[in-house]
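Chains as they are written, first to last, in the numbering used here: chain A, 111 to 633; chain B, -12 to 536.
These are computed hints drawn from the structure, not numbers from a lab.
Yeah, the Cβ is synthetic: ideal placement off N, Cα and C, and Gly gets one too.
Please note that the accuracy of each hint is not assured.
[Claimed, not checked] In silico lysine to any residue, SDA-like type, Cα no more than 25 Å apart, as pairs:
{"no.": "1", "chain 1": "B", "residue 1": "Lys203", "chain 2": "B", "residue 2": "Leu411"}
{"no.": "2", "chain 1": "A", "residue 1": "Lys180", "chain 2": "B", "residue 2": "Ala65"}
{"no.": "3", "chain 1": "A", "residue 1": "Lys180", "chain 2": "B", "residue 2": "Gln530"}
{"no.": "4", "chain 1": "A", "residue 1": "Lys295", "chain 2": "A", "residue 2": "Leu425"}
{"no.": "5", "chain 1": "B", "residue 1": "Lys40", "chain 2": "B", "residue 2": "Val130"}
{"no.": "6", "chain 1": "A", "residue 1": "Lys180", "chain 2": "B", "residue 2": "Gln522"}
{"no.": "7", "chain 1": "A", "residue 1": "Lys180", "chain 2": "B", "residue 2": "Ala520"}
{"no.": "8", "chain 1": "A", "residue 1": "Lys295", "chain 2": "B", "residue 2": "Asp349"}
{"no.": "9", "chain 1": "A", "residue 1": "Lys295", "chain 2": "B", "residue 2": "Gln347"}
{"no.": "10", "chain 1": "B", "residue 1": "Lys193", "chain 2": "B", "residue 2": "Ala415"}
{"no.": "11", "chain 1": "A", "residue 1": "Lys180", "chain 2": "B", "residue 2": "Val516"}
{"no.": "12", "chain 1": "A", "residue 1": "Lys180", "chain 2": "A", "residue 2": "Asp336"}
{"no.": "13", "chain 1": "A", "residue 1": "Lys295", "chain 2": "B", "residue 2": "Ser412"}
{"no.": "14", "chain 1": "A", "residue 1": "Lys180", "chain 2": "B", "residue 2": "Leu527"}
[Claimed, not checked] Per the computed footprint, the stretches of chain B lying under chain A, defined by three or more beta-carbons under 8 Å from a beta-carbon of chain A, are:
{"no.": "15", "segment": "472 to 479"}
{"no.": "16", "segment": "482 to 489"}
{"no.": "17", "segment": "524 to 536"}
[As the list claims (entries may be wrong)] Here are some of the chain B residues that sit facing chain A, going by a computed Cβ distance under 7 Å:
{"no.": "18", "residue": "Ala59"}
{"no.": "19", "residue": "Asp239"}
{"no.": "20", "residue": "Arg402"}
{"no.": "21", "residue": "Pro439"}
{"no.": "22", "residue": "Leu440"}
{"no.": "23", "residue": "Phe451"}
{"no.": "24", "residue": "Ala455"}
{"no.": "25", "residue": "Val467"}
Listed here are the chains, written in short residue letters.
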Amino acid sequence: MSFPLLTATAALPAIGAIATAAVPAARRTAAKWLALLVSLATLALAVVVLVRFDPDGDRYQLTESHSWIKDFGVRYELGVDGIAVALIALTALLIPFVILAGWHDADPLETRSSRWRPTQGFFALILAVEAMVIISFEATDVFLFYIFFEAMLIPMYFLIGGFGDRAHAGSDEHAAAQRSYAAVKFLLYNLAGGLIMLAAVIGLYVVAGNFSLQEIAAARADGSLDMATNTERWLFLGFFFAFAVKAPLWPLHTWLPNAMGESTAPVAVLITAVVDKVGTFAMLRFCLQLFPEASEWATPAILVLALISIIYGALLAVGQRDIKRLVAYASISHFGFIIMGIFAMTSQGQSGATLYMVNHGISTAALMLVAGFLISRRGSRLIADYGGVQKVAPVLAGTFLVGSLATLSLPGLAPFVSEFLVLVGTFARYPVIGIIATFGIVLAALYTLVLYQRTMTGPVKPEVSAMPDLKVRELVVVAPLIALLIVLGVYPKPLTDIVNPAVEQTMSDVQKTDPKPDVEAAK
Amino acid sequence: MSATAVHSLWTTAADPIQKIDAPNIEYGQLSPVLIVIGAAVVGILVEAFVPRKSRYHVQLFVSVVALAAAFAAVVGLAASGYGTTKAGIAAMGAVAVDGPALFLQGTILLAGVLGVFTFAERRLDPVAHGNRVDSFAAQAASVPGSDSEKAAVRAGFTTTEVFPLLLFAIGGMLVFPAANDLLTLFIALEVFSLPLYLLCAVARRKRLMSQEAAVKYFLLGAFASAFTLFGIALLYGYAGSVSYATVAQVVDGTVETVNPALAGTMGNDALLLIGAAMVVMGLLFKVGAVPFHMWTPDVYQGAPTPVTGFMAAATKVAAFGALLRLLYVVLPGLRWDWRPVMMGVAVVTMLGGAIVAITQTDIKRLLAYSSIAHAGFILAGVIATTPDGVSSVLFYLAAYSFVTIGAFAVVTLVRDAGGEATHLSKWAGLGRRSPLVAAVFAVFLLAFAGIPLTSGFAGKFAVFKAAAEGGASALVVVGVVSSAIAAFFYIRVIVLMFFSEPRPEGPTVAVPSPLTMTAIAVGVAVTLVLGVAPQYFLDLAGQAGVFVR
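If we strip away everything but chain A, and leave its shape as in the complex, we get (with noise of 0.2 Å):
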């Protein structure tokens, strides 16, 4: 037996979050040494994955599987893809970066009992969140993804209440009643899709009497397995729900200003960067595989519903006062950009979707890590108690204008690729919905250069006039992503050769090919 690469990359971030977890209570940097050592071994773990990885190979590699509760169905069976290896990669990469811009986040601000133990927590739990989010990049079996997909919440959840932002303007009572609010909103409105999930996956074991994602999806395509077209629409719906709730798309959005405005920048990161791929992952992979027919009848509607995302979102973004909640709001635009590319069936779309995935992770973990190393030292989330920082701390300053460039997708920037892409892929098939959502990027920019115009340009507040610039951790943090971005911008073709492949056995799945270029059409 080979030895279990996925299994390991899964096991080693859930094995030190134990172990980060047990560090005694006064030994909390040494903690932290060891998330951060963890979190770098995962790194690596991933990288031999993504080295092993064949794009040209079979579709589903590195396989594991084994019987694990057979009275439901359930094996445990693991197996990547193009599009799963880019996302774990993306995860694994992103960890170590949000372990260094947190470093300080849960430091105890007096010291209560010895056993209360806040920053040996809050590592932790980062390195649990890490551990499920990889694992569900692998299932292969709905069960178990739909086990982690549901698990990842608690987690998550202590770490949005537990940890708040201590830049908040009101009382300190104030701010811990509006981060519990956050916390309870985030996993209501998650858990509540998690459970008409499971009524889901429970109608989709009666249908197909299996859990196993290949075997159905086999089954589905050589026609032994046929489903009603009224169950099959109604088991996607279930999918579709929960995913649409993680992702997040209008109207279900509403939980993830709140998360990010209430958590600390690194957390909100985790949020948005890493957990809410698994949203629009699980689209791609579950949704569209199992489901083919049915995604085909819901396409019209949810592309309708992206669009509003993305001019929604942006609007919304236009209008903020407050930086964190602003970055959520453009997030939500973009998990738009990614729904629309998913849906519009074409192989650009497609691929445009899952190199969005990266680049967002990479491009809003830039930015909002700025943002918040911005916020640790004025303690204030709001624009306007800023202005003119380029001068005091002008890396600082760079910093943000290239995170917001690669925000509104600059070309040369990362994001801008997978943009562009995805707007041909939809223009291909729905001119229209691709024209509207051109003005999605229009608004971009309006809202990033404002933000970036009020709060580093301008005369120097004096409250910013000793503000200091990027020390050496934070510097660490940002520059390394920087560097990808503008790697992945100009030279994307690594990532596309990893992506393609998986794309164009998706779009076999839904037996869709891409539209031909219309010649006449165009004269």
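Starting from the known structure of chain A, fit chain B onto it as the hints suggest.
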């Protein structure tokens, strides 16, 4: 003695022409029940003859040994095939020894052991007049606040009678899911109910509330028992027999006349429907299903918490066992009549329990309403009417009872000057003061909420799957909706514990003796093991899913 002339243990003596023969009892197969009841009798003798000082230790020893021995007997019976191939009817048709019976008896006995541990806890209350005290009144017979009560407290009396009472209750519960005729069913019902009424009344603190709870439970329970008995009489009139097998045959129409003396009433469907409804009603009362749930919150709140924990777990197991046997063995021919009704009951139970729980401010009442919602989930599995349905219910009951006992054991730890601090507002910030206790309670709450990787999820999945396969998809949808509602109030408690600032005058967490610690640790362990690797136990429940007829 011929089998046809004597159709039941109970009617043997009633037949004047027939000479009374000594009934044929399979002592080996009944040994779990006999051991427990025997130990209960020994416990009463201990109360009479052993000096007061050493009663506690003797009672604890007798109870634990008896329950362990009975559990060993159950395992022995199951291992020698009485759960599967050698399953049969014992005690001349009065008791069934089969898979579901043995599985549930094992569950009840394990829950009973943990129950005894929490009953015997003596480190939580502060030492009074140089004596360690437990959760039970110094002298149950003394009027609350009276001089005789004070004298009893000063003298360091304790109500060690709770141990034999508990054993009697367990004895009744062992028979209840195994009862194979209607009269045995009724007697088992009374044998376990009466000690429980008493146990509810003997709280050391808040004695009036405890007595009020006991009176409510007793009065409503007496009504329910009367309904059951009346239903049994009507069923006897319909079928001419109290034996499950005979009633089932008459319902199916395979046997026409059993008892010539009842020719006037036999086969009258009105008697069957009303009688069956009344018996089922009595069982639904014990289960705590809406609309027969009214007693649950008051009794759960008023009873001493160790009693609540044991009762919430074991009564549910026993009563669902009896309900399953009744519906699957006696009334399968009536399936098309009871299924829609039970579906309605399941729907209102799930939704009712979950919705009303939201407004609760007392942790014990909250858990009471949560237990109602769980009764609804279990009913969804009962309604499946498939062998899968039976085994899913068995699995759910086992998973649920350990979570429940563990959760109530944690409730006993959180205390302030007035005893247990059960008001939810006092739990604020518990996670900061005692992270471990709060984390353990959070695990139990997440299991109640059915979050994956806990036993609650595996159980919920099993019953919903069985319900969906049994054609009750609507129940599954209602089930997930009420799970979502229920998640809200479980989460609310977690929010309180972890995200609220602790109050300065908040409660303290008492450090328990190894007894309660064992109960909690076993609860956590079972919750996680059944959540992560449930296959072995699903197999066990699957093998035990067939009733002997």
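Hint by hint, here is what the structure shows:
| no. | hint | result |
| --- | --- | --- |
| 1 | Lys203/B <-> Leu411/B | holds (24 Å) |
| 2 | Lys180/A <-> Ala65/B | holds (22 Å) |
| 3 | Lys180/A <-> Gln530/B | holds (14 Å) |
| 4 | Lys295/A <-> Leu425/A | holds (23 Å) |
| 5 | Lys40/B <-> Val130/B | holds (23 Å) |
| 6 | Lys180/A <-> Gln522/B | holds (6 Å) |
| 7 | Lys180/A <-> Ala520/B | holds (10 Å) |
| 8 | Lys295/A <-> Asp349/B | holds (23 Å) |
| 9 | Lys295/A <-> Gln347/B | holds (20 Å) |
| 10 | Lys193/B <-> Ala415/B | holds (22 Å) |
| 11 | Lys180/A <-> Val516/B | holds (16 Å) |
| 12 | Lys180/A <-> Asp336/A | holds (24 Å) |
| 13 | Lys295/A <-> Ser412/B | holds (21 Å) |
| 14 | Lys180/A <-> Leu527/B | holds (12 Å) |
| 15 | 472 to 479 | holds (count 4) |
| 16 | 482 to 489 | holds (count 5) |
| 17 | 524 to 536 | holds (count 3) |
| 18 | Ala59 | violated (27 Å) |
| 19 | Asp239 | violated (29 Å) |
| 20 | Arg402 | violated (17 Å) |
| 21 | Pro439 | holds (4 Å) |
| 22 | Leu440 | holds (5 Å) |
| 23 | Phe451 | holds (5 Å) |
| 24 | Ala455 | holds (5 Å) |
| 25 | Val467 | holds (4 Å) |
The structure fails to meet hints 18, 19 and 20 from the earlier list, while all remaining hints are met.
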